[in-house]
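Q: The sequence shown begins at 61 in the working numbering and counts up one residue at a time.
In short, the hints are calculated from the structure, not lab data. Glycine included, each C-beta is placed from N, C-alpha and C at the ideal position. Please note: incorrect hints may appear among the correct ones.
What the hints assert, rightly or not - Capping the alpha-carbon separation at 27 Å, the derived lysine-lysine pairs in DSS-like fashion look like this:
1) 293 / 257
2) 161 / 182
3) 377 / 283
4) 63 / 263
5) 102 / 63
6) 175 / 257
7) 175 / 283
8) 337 / 301
9) 63 / 404
10) 293 / 337
11) 238 / 219
12) 263 / 283
Stated by the list, open to error - Restraint-style ranges between C-beta atoms, simulated for each label pair:
13) 61 / 297: 25 to 33 Å
14) 294 / 81: 17 to 25 Å
15) 216 / 181: 26 to 34 Å
16) 288 / 415: 25 to 33 Å
17) 210 / 294: 54 to 62 Å
18) 190 / 161: 27 to 35 Å
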Amino acid sequence: MEKIISLCRRRGFIWQSSEIYGGFASCYDFGPSGVELKNNIKKAWWKEMVYQEESIVGLDAAILMTPKVWQASGHLTAGFADSLVECKKCHHRFRKDQIEKNECPDCKGELTPEKKFNLMMKTFCGPVEDEAAVTYLRAETCQGIYMNYENVRQSMRLKIPFGIAQIGKAFRNEITPKDFIFRTREFDQMEMEWFCKGREADKWFEYFKNKRMNWYLGLGIKKENLRFREHQKDELAHYAKRAVDIEYRFPFGWKEIEGIHDRTDFDLRNHSKFSGKDLSYFDEETKEKFIPHIIETSAGADRSTLVFLTESYNEIKGGRTTTTESTKEVEVMLRLHQDLAPIKIAILPLVKKEPLIKLAREIYL
């Protein structure tokens, strides 16, 4: 992993945020090469999930919403909290589920009893910092989709089943962010919410599960480095009936890179209850009235960037050329898929002569 981090720093992919002040934990800036790669990943996702699907449309919802949204979604309760333990000796804090032994992994000290730690990031809107002004940076982009479900359906004249896709910033106050850009407190989510009849949820779950796996394979990730992992009942989020992760084999182990979730009718039913708005759907053909179920695909653009950087990293002993002048000990290459590569083609004059430079510029433009 250190080689990839070093490459990212040298070649303008990713830098530590606020670096001249010593950095800011778990926050990263994407340089010229990194932002192009990340944007290309977003474009590839959007093409796959919106342009190539007849019944999926896009949305860009606000980051800030009324706190009532997060109350209804369950994010302000224990449903969106990690179990936190603290070392009594060095005072380092850890997620309980990431501690193998009942002792501090840093100093072997005794740990405090676990307590719940909410991951929402609180802020204030307006000139007065009181409870009436409290709001939160969104922890997931999907809630903005649910807020606009009826607006989108009516304005675009959509019929069930259909989907809404969104790419945008999300924020989580992670206890132990780690592994470079794998787990950070600020990140870009790529989410799609598919609204369907409850009896058809299983069919659509399988469809999108396979579709998402094939997206990674189609962009050059080796099959042996990907796998599905089904969540056990005690792992399921408060909203989920079923969840399957797509995992990638990183240098630090198998880790989740995307989740496919059957959220049942939890979201629209709760928002209908808390808001007082009827979010049910009436099927003109069958004369049924029901709350749509939701199948979700949820990936991170930052985490996906790390996947493609890891997969494409390649060392060539002696370099690609065999001439004495060009021989190197090791040449590092990124074998990125052509749709993702920050630079597709470079037009470089072999000698610094004005006619050639002019011609190269004309070809480029």
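Q: Evaluate each hint against the coordinates.
A: Verification of the supplied hints:
Between the alpha carbons of residue 293 and residue 257 the distance comes to roughly 23 Å, so the proposed pair stays at or under 27 Å and holds. Pair hint residue 161 plus residue 182 does not hold up; C-alpha atoms about 32 Å apart against a cutoff of 27 Å. Proposed proximity of residue 377 and residue 283 is supported: the alpha carbons are some 25 Å apart, at most 27 Å. Between residue 63 and residue 263 the alpha-carbon distance is near 42 Å, which puts this suggested pair outside the 27 Å criterion.
A threshold of 27 Å between alpha carbons decides the hint, and for residue 102 with residue 63 the separation of about 25 Å falls inside it, so the pair holds. With a CA separation close to 38 Å, the supplied pair residue 175 and residue 257 exceeds the 27 Å bound. Proximity of residue 175 to residue 283 is assessed by CA-CA distance (about 39 Å); at most 27 Å being required, the pair is judged violated. For the hint pairing residue 337 with residue 301, the CA-to-CA distance comes to about 24 Å; that is within 27 Å, so the pair holds.
With a C-alpha separation of about 24 Å, the suggested pair residue 63 and residue 404 falls inside the 27 Å cut-off, and the hint holds. Between residue 293 and residue 337 the CA atoms are separated by roughly 31 Å; this puts the pair beyond 27 Å, and the hint is violated. Restraint check for residue 238 and residue 219: the C-alpha separation of about 42 Å exceeds 27 Å, so the hint is violated. The straight-line distance between the Cα atoms of residue 263 and residue 283 is roughly 24 Å, inside the 27 Å bound, and the hint therefore holds.
The hinted range of 25 to 33 Å is satisfied by residue 61 and residue 297, whose Cβ atoms lie roughly 28 Å apart. For residue 294 and residue 81, the Cβ-Cβ distance of about 42 Å falls outside the hinted range of 17 to 25 Å, so the restraint is violated. Residue 216 and residue 181 have their C-beta atoms about 32 Å apart, which keeps the hinted 26 to 34 Å range intact. Roughly 57 Å separates the CB atoms of residue 288 and residue 415, a value that falls outside the hinted 25 to 33 Å.
For the hinted restraint 54 to 62 Å between residue 210 and residue 294, the CB-CB distance of approximately 35 Å leaves it violated. For residue 190 and residue 161, the hinted distance range of 27 to 35 Å is not satisfied, since their beta carbons lie about 43 Å from each other.
Going down the numbered hints, you'll see the structure goes against 2, 4, 6, 7, 10, 11, 14, 16, 17 and 18, while the others check out.
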